[in-house]
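Taken in order, these protein sequences are the chains called A and B. Quick note: the first sequence uses the numbering used here, first residue 1, plus one each step. Quick note: the second sequence uses the numbering used here, first residue 1, plus one each step.
Be careful, since some hints might not be right.
What follows is a set of in silico ranges between Cβ atoms, one per label pair, in the way DEER data are often shown [as the list claims (entries may be wrong)]:
#: 1; chain 1: A; residue 1: G138; chain 2: B; residue 2: F118; range: 41 to 49 Å
#: 2; chain 1: A; residue 1: L204; chain 2: B; residue 2: H92; range: 18 to 26 Å
#: 3; chain 1: A; residue 1: A158; chain 2: B; residue 2: N262; range: 46 to 54 Å
#: 4; chain 1: A; residue 1: G144; chain 2: B; residue 2: N262; range: 42 to 50 Å
#: 5; chain 1: B; residue 1: V168; chain 2: A; residue 2: N201; range: 25 to 33 Å
#: 6; chain 1: B; residue 1: G115; chain 2: A; residue 2: N201; range: 44 to 52 Å
#: 7; chain 1: A; residue 1: F240; chain 2: B; residue 2: A165; range: 53 to 61 Å
#: 8; chain 1: A; residue 1: L316; chain 2: B; residue 2: G176; range: 33 to 41 Å
#: 9; chain 1: B; residue 1: G115; chain 2: A; residue 2: A18; range: 42 to 50 Å
#: 10; chain 1: A; residue 1: N28; chain 2: B; residue 2: G115; range: 32 to 40 Å
#: 11; chain 1: B; residue 1: R277; chain 2: A; residue 2: D133; range: 31 to 39 Å
#: 12; chain 1: B; residue 1: G176; chain 2: A; residue 2: N28; range: 58 to 66 Å
Not close to chain A: a few residues of chain B, all C-beta gaps over 10 Å, as computed [unchecked claim]:
#: 13; residue: H33
#: 14; residue: S55
#: 15; residue: G58
#: 16; residue: Y104
#: 17; residue: V124
#: 18; residue: H130
#: 19; residue: K160
#: 20; residue: A177
#: 21; residue: L189
#: 22; residue: L222
#: 23; residue: P237
#: 24; residue: I248
#: 25; residue: I249
#: 26; residue: E263
#: 27; residue: G268
For the record, the hints were derived by calculation from the structure and aren't laboratory data. All figures in this text were calculated on a predicted structure; none of them were measured in a lab. By construction, the Cβ of each residue, glycine as well, lies at the ideal position given by its N, Cα and C atoms.
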Amino acid sequence: MKKNILKTYLVPAIAVIAALLVPLFIENRYVYHLLIMACIWGIAATSMNLIMGYAGQVNLAHGAFFGIGAYAAGLLTLKLGFSFWGALPFACIIAAIFGLLVGLPALRTKGSYFAIGTLCFGVIVTVIIDRWDTLTEGQRGLMGIPSPENIPLPFGSAITFENNMVATYYLLLLFLILTVLIIYRIAGSLSGRTFKAVRENEDLAASIGISPFRTKLIAFIASTFFAGLAGALYASYIGFLSPEISDFHVTFEILIYTMIGGIGTMAGPIIGAMILPVISETLHALAAYRMVAYGILLVMVIIFFPSGIAGGIKLLRARWASSKQ
Amino acid sequence: MELFFQQLLNGIMLGSVYSLVALGLTLIYGILHVPNFAHGVLYMLGAYLAYLMVSALGFNFWVAMLLTMVILAVIGMLIERLVFRPLMEAPHLNSFIAAIGLIYIIENGALILWGPDFKRFPAVYDQLYHFLGITITLHRIIIVLTAISLIVIMQLFIKKTTLGATIVATAQDRIGARLAGINVERVGLITFGIGTALAAAAGVLIGPILLVYPSMGSALILKAFVIIILGGMGSIPGAIIGGFILGIIESLGGGYLTTQYNEVLAFGVLVTVLAIRPTGLFGKAH
């Protein structure tokens with residue numbers, strides 16, 4: 001049993017230590033940019049994994065909740081004069097409230113109905129952000145969203161985030177680790193196991209006293225909360241928002257990270273969020289051919305590694321273990 | 001009143017094209033059990049091919065349409081064989097991701113080959129008719145008549161032929177169909193061919209009215225999804241009626257209610273319908 005605990009925590013611990021040590025070796029701003037974006041998309045993909053991988057509901061409005069979080073943070077700081085730290089929790093809560101309002105009617109539907117219903121909700125959100133320009137500035141976009149304010153330290157010094165890639169990286173890494181820990185706790189808890197029960201068989205779950213609707217709603221709200229967090233962090237890091245940040249292409253990107261990384265596993269979405277943007281950037285030299293190559297890659301991976309990278313590693317390890325016996 | 005009839009006619013014209021696309025999509029849904037996201041780019045490809053045949057090669061409109069349907073049927077079958085069949089046993093989400101991959105490949109392929117600019121079909125059948133204060137071009141009448149004939153032919157094919165019956169049987173129960181001696185792989189291949197040919201026909205018909213451009217499929221595919229959800233997933237009459245309903249709602253809504261939020265009217269209708277009836281208008285309750 002003890003050995004098992006070691007085994008479960010060894011790989012994550014090594015990954016966290018490696019992530020913490022990155023600034024010792026890297027000075028390139030561009031690499032930091034990629035790492036910071038990987039943290040943001042990692043949070044978004046991990047939260048998508050909660051509703052999709054663990055509770056089995058294909059929410060195609062995830063990008064919309066990301067956008068709602070981002071615009072909430074942007075509008076609170078720019079129009080109401082909130083500080084970043086004040087706006088951040090509100091952005092998450094606003095996303096979660098929308099999650100509740102959408103979840104109540106949408107979760108009565110199942111399967112493809114739920115997927116397309118949420119997709120339509122996502123399109124409506126994007127169009128409203130685009131057209132309601134007295135509030136959101138529409139196509140002009142929201143500009144100049146502030147970076148996190150300095151955190152004062154004893155002896156008069158302070159951690160500054162503006163133009164400080166290392167501090168920003170550590171901040172986002174912290175949020176990523178927090179998100180993963182919380183979602184890991186949820187997935188491992190009793191309610192997490194009810195998520196899986198509902199995913200596998202709703203009727204069976206209902207027959208042992210689980211309310212499928214309540215379970216799905218809890219998973220949905222939790223997942224939209226963290227999607228809002230990812231959006232708010234994105235808004236503050238990039239400093240500029242346009243309506244496209246809420247549209248279904250964002251959902252697709254997050255979905256691709258989750259699936260290619262390995263849905264239903266903890267590491268998968270993070271691996272996907274780290275690797276795929278790098279591949280997409282590397283293909284940049286191919287110009288217009290890049291998206292074609294990206295598409296071919298997606299189709300090939302999904303056909304030949306249907307359980308994603310993390311699932312593939314699991315499979316290899318299982319084979320290795322069985323061959324040793 | 002004239003505005004009403006003018007918009008109603010436009011709605012019927014749009015609706016007949018929507019119905020064609022949704023009919024193909026709903027047939028393919030019976031095989032894949034996920035909505036095929038790549039259906040829209042195949043419609044776009046159909047419009048491009050016909051445009052090239054008519055403008056560059058000087059083909060007759062109808063010859064171009066027939067040839068395009070045949071070519072797209074072959075492409076549809078290739079996609080089924082190479083991409084979706086290997087994913088048959090995998091979770092449905094995997095087919096969904098593969099379809100997104102196909103969109104990237106085909107839409108950007110079109111962008112590379114033909115560029116981002118809008119293409120306009122040479123005018124065909126642009127005679128005007130005036131009738132009780134309504135103006136309509138011959139082409140719009142032809143669209144409605146062709147679309148309705150294709151829908152009727154499809155209905156007859158599905159209801160009256162053995163091949164049609166095997167398509168319905170496979171959609172209803174794949175294992176049961178296999179037990180009854182139906183070659184479900186072959187049925188899947190044929191269904192993809194037919195469904196894609198219908199999408200191509202819709203693209204060719206509407207091409208001369210709207211413009212032809214690489215992302216013309218994405219706007220349409222979302223609406224086609226709305227239709228097959230409204231009509232109840234996999235229901236053939238639902239897809240046909242749903243298509244007309246959506247077309248009419250859109251043009252009447254555009255004429256009377258709102259022009260600013262016109263394009264999301266369809267999605268708003270769907271969200272409302274699903275909130276009241278979670279299985280769509282014509283879908284069976286679970």
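Unsatisfied constraints (hint numbers, rising): 1, 4, 13, 16, 22, 26, 27
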